[in-house]
Amino acid sequence: MGKIVIELKYIWSVFLLKLDMWSVYRLKLIVWIISGILEPIIWSVLWYVTAQESADLVMSGAEILSYYLLTALMNRITRSWTFDTLRKEIREGRYTKYLLWPKGIIGFRIGADWSDRVVTLAALLPFWFIWLFILQSKGLFEVTISNIGLFFVAVILATFVRFYLDMFLAHLALFWVKLDGLSTVYWSAYRLFGGITVPLVLLPAWAFGITKIMPFRYVVSFPIEVFQGLISNEEIIRGFIICMAWIIVEYAALQVVFRVGIKNYESVGA
Amino acid sequence: MRKIKVWIQFVVLYLKQFAVYRFDMLFRLFSMILMTGIMYVVLTLPYEHVDEIAGWKKNEAILILGFYYISNGLAWVLYRTGISNLESKINSGSLDEVLLRPVGSSFYVSYLEADVSRISDVLVGVVFVGINIGGMNLTVGVLEVFGVVLSLVVGVSIVKCIFLMVNSLAFWTTETYLDHVASPLVVLTKYPVDLWGKSKEIFYWGIPMAFLSTVPAAILVGKLEWWYGIVGIGLALMWNVFAETFWRFGLRFYSGASR
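Protein chains in written order, with the numbering used here: chain Z, 1 to 270; chain A, 1 to 259.
Check before you lean on any hint, since a few could be wrong.
[What the hints assert, rightly or not] Selected chain A positions facing chain Z (Cβ under 10 angstroms, derived; list incomplete):
no., residue
1, 22
2, 25
3, 26
4, 28
5, 46
6, 47
7, 84
8, 94
9, 96
10, 119
11, 122
12, 123
13, 126
14, 165
15, 169
[To be verified] Calculated lysine-lysine pairs in the BS3-like style (CA-CA distance at most 25 angstroms, straight line):
no., chain 1, residue 1, chain 2, residue 2
16, Z, 88, Z, 3
17, A, 190, A, 3
18, A, 16, Z, 88
19, A, 58, A, 198
20, A, 89, Z, 18
21, Z, 3, Z, 18
22, A, 200, A, 190
23, Z, 28, Z, 88
24, A, 5, A, 58
25, Z, 97, A, 190
26, A, 200, Z, 28
27, A, 3, A, 89
28, A, 223, A, 190
29, A, 89, A, 16
30, A, 89, Z, 88
[Said to hold, decoys possible] Derived, one-sided and incomplete: chain A residues facing chain Z with beta-carbon distance under 8 angstroms:
no., residue
31, 40
32, 44
33, 173
34, 177
35, 180
36, 184
These are calculated hints, taken from the structure and not from any lab test.
Beta carbons are placed, not taken as given, at the ideal position from N, Cα and C, and that holds for glycine.
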């Protein structure tokens, strides 16, 4: 119990430290939000035009707009910079500091990610409430208290699924040093199978089936589906179980990769 | 000529670095194939529900995707990596050494890191365009080819200016990842800019991203005349003057101190 409290205090310290850094780089926040919104706008225009011209699309134009608005927000809330930051630190030899610190890297990265999240949320929340009010007044979906509660659980699980996936993939740099190609594959898969590029229900049935067992859906699309009340309680529970299974698998894979990979780490920088 | 020789040296340097990381090299090739597959699926998915989107049929839209690959690939081969690293150079103060080089600083910053592996994008684009020209039975004259090549050169040149200007804002700000703001502009060229209704004119004449893909495809299928490419030269020159002026203005604010 004492160890957990110490770890939480450490995460809290990192969180506050990173918050201070955000106050220095204020423009970064604005750029970050704008860049996250531009791409969903492009996708939404494509599918909105399609919906206007098609009679058999399962989503209406308004539903598509609301989906992409929520996706843009969710992508920011569950986003982690761990993969990008850590793989570069390993490659450049700056990973050594984590090995020398009395506290490990996990607490540090969790604290850093959560400071990003809280700052983004604080900036986006007013817009989100306005959008929600507009969308709900048009009867696009019904938000209930239980939906909101389940949504928070889904978001917390999503952040851990994303975090440990990032940690595992970044530590592969201990073996292969440069992971630019892997990064491209990761982002492409994340955007397509997470539902950022296309709403998952619009994918062919076989592809939609695959997304249900991949981790990407549970980082972006699943919390939105829970929030909008689009899936049954049974599916929600199944989703939570899959999330927890992924967290365990990712954590175990991270331990293996770290233990074997650290023997290859040269700490020089390349 | 001297600049071309310098650029060739950059390419040789890149190839040496590329060969060192063999796993990454393999993954890049794999990612290229995967990305192409994903893009093809994503682009053609709406056409399962409609015959035309904003006046463009499926084959024509694939033509646009082909031109997107060609121009985006060229942009990466030439300047995207170099420009996207500008902010970190300014932040770390390592732009000093660039300013001391015997070549123009904006040239050096832009073309230093030639990502030659992205030539694969260009090849994929050429295949897409070639297959579709054959499939659509298009008769392409010399003037059309001239117009298409000119549009691509114009598009790639203008995008370089936009990225250089956006990233040059790092002279005043820091830790902002400015490259992320400009990147979505390139994403929108995967599709016909006509999707944007009346606002499409912005992408033809304001921020002329249309020259990357929509204009060359439109010239090929006969939606636009070949001389649009010539009109684009004027735009490209204007953007180049803007970008160079902005770069020189920004340099005045460079302190050389790392942040």
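Tested hints:
no.: 1; hint: 22; verdict: holds (9 angstroms)
no.: 2; hint: 25; verdict: holds (7 angstroms)
no.: 3; hint: 26; verdict: holds (7 angstroms)
no.: 4; hint: 28; verdict: holds (4 angstroms)
no.: 5; hint: 46; verdict: holds (4 angstroms)
no.: 6; hint: 47; verdict: holds (9 angstroms)
no.: 7; hint: 84; verdict: violated (12 angstroms)
no.: 8; hint: 94; verdict: violated (14 angstroms)
no.: 9; hint: 96; verdict: violated (20 angstroms)
no.: 10; hint: 119; verdict: violated (15 angstroms)
no.: 11; hint: 122; verdict: violated (16 angstroms)
no.: 12; hint: 123; verdict: violated (17 angstroms)
no.: 13; hint: 126; verdict: violated (20 angstroms)
no.: 14; hint: 165; verdict: violated (14 angstroms)
no.: 15; hint: 169; verdict: holds (9 angstroms)
no.: 16; hint: Z:88 x Z:3; verdict: violated (30 angstroms)
no.: 17; hint: A:190 x A:3; verdict: violated (31 angstroms)
no.: 18; hint: A:16 x Z:88; verdict: holds (20 angstroms)
no.: 19; hint: A:58 x A:198; verdict: holds (22 angstroms)
no.: 20; hint: A:89 x Z:18; verdict: holds (22 angstroms)
no.: 21; hint: Z:3 x Z:18; verdict: holds (23 angstroms)
no.: 22; hint: A:200 x A:190; verdict: holds (14 angstroms)
no.: 23; hint: Z:28 x Z:88; verdict: holds (20 angstroms)
no.: 24; hint: A:5 x A:58; verdict: violated (42 angstroms)
no.: 25; hint: Z:97 x A:190; verdict: violated (42 angstroms)
no.: 26; hint: A:200 x Z:28; verdict: violated (29 angstroms)
no.: 27; hint: A:3 x A:89; verdict: holds (21 angstroms)
no.: 28; hint: A:223 x A:190; verdict: holds (18 angstroms)
no.: 29; hint: A:89 x A:16; verdict: holds (22 angstroms)
no.: 30; hint: A:89 x Z:88; verdict: holds (16 angstroms)
no.: 31; hint: 40; verdict: violated (12 angstroms)
no.: 32; hint: 44; verdict: violated (11 angstroms)
no.: 33; hint: 173; verdict: holds (5 angstroms)
no.: 34; hint: 177; verdict: holds (6 angstroms)
no.: 35; hint: 180; verdict: holds (4 angstroms)
no.: 36; hint: 184; verdict: holds (4 angstroms)
Violated hints, listed in ascending order, are 7, 8, 9, 10, 11, 12, 13, 14, 16, 17, 24, 25, 26, 31 and 32; each of the other numbered hints is respected by the structure.
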